[in-house]
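Residue numbers (my numbering): 1 to 107.
If you are wondering where the hints come from, they were derived from the structure by calculation, not from laboratory data. Be careful, since some hints might not be right.
Pairwise CB distance ranges (calculated) [what the hints assert, rightly or not]:
| id | residue 1 | residue 2 | range |
| --- | --- | --- | --- |
| 1 | E14 | L41 | 37 to 43 Å |
| 2 | A79 | Q100 | 29 to 35 Å |
| 3 | N82 | R40 | 16 to 22 Å |
| 4 | S10 | A85 | 26 to 32 Å |
| 5 | D99 | A68 | 44 to 50 Å |
| 6 | Y19 | R103 | 16 to 22 Å |
| 7 | V106 | G1 | 16 to 22 Å |
| 8 | A39 | A8 | 46 to 52 Å |
| 9 | A85 | A59 | 52 to 58 Å |
Beta carbons are placed, not taken as given, at the ideal position from N, Cα and C, and that holds for glycine.
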Amino acid sequence: GEEAQRKADSSVLEEQVLYLSNRLTRAERLHEEALSEDARLESDVFTATAAIHSSDQRAAVSARASAALDLHRQQLAEALQNTLAETATQRRSAQEGRDQLNRLEVL
Numbered sequence: 001g002e003e004a005q006r007k008a009d010s011s012v013l014e015e016q017v018l019y020l021s022n023r024l025t026r027a028e029r030l031h032e033e034a035l036s037e038d039a040r041l042e043s044d045v046f047t048a049t050a051a052i053h054s055s056d057q058r059a060a061v062s063a064r065a066s067a068a069l070d071l072h073r074q075q076l077a078e079a080l081q082n083t084l085a086e087t088a089t090q091r092r093s094a095q096e097g098r099d100q101l102n103r104l105e106v107l
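Could you build the full structure based on these sequences and the hints that come with them?
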């Protein structure tokens with residue numbers, strides 16, 4: 001009857017909250033990995049620039065490295081914005097699920 005349906009609804013909502021929570025955790029991990037990769041690339045560019053400091057190629061290589069880093073930063077920034085937007089959506093969905101669950105528990 002109603003009790004069985006309420007339990008089924010509650011179970012579905014709990015699964016959705018768990019799924020969204022897992023997605024949120026994954027999105028946050030990807031965000032951390034992107035930040036780590038950006039720091040590593042900055043370090044690599046710095047090291048490469050220092051290594052060719054005395055070379056006649058310095059300006060050309062540095063410009064290429066800088067352009068590559070700028071492009072990668074732009075891509076990371078876009079990925080970060082997408083991740084943050086997805087995270088916000090998942091948080092809202094998880095909260096809505098919790099709210100629905102709370103309303104069902106009140107009944």
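Point to revise | In rising order, the numbers of the hints this structure does not comply with | key: 9
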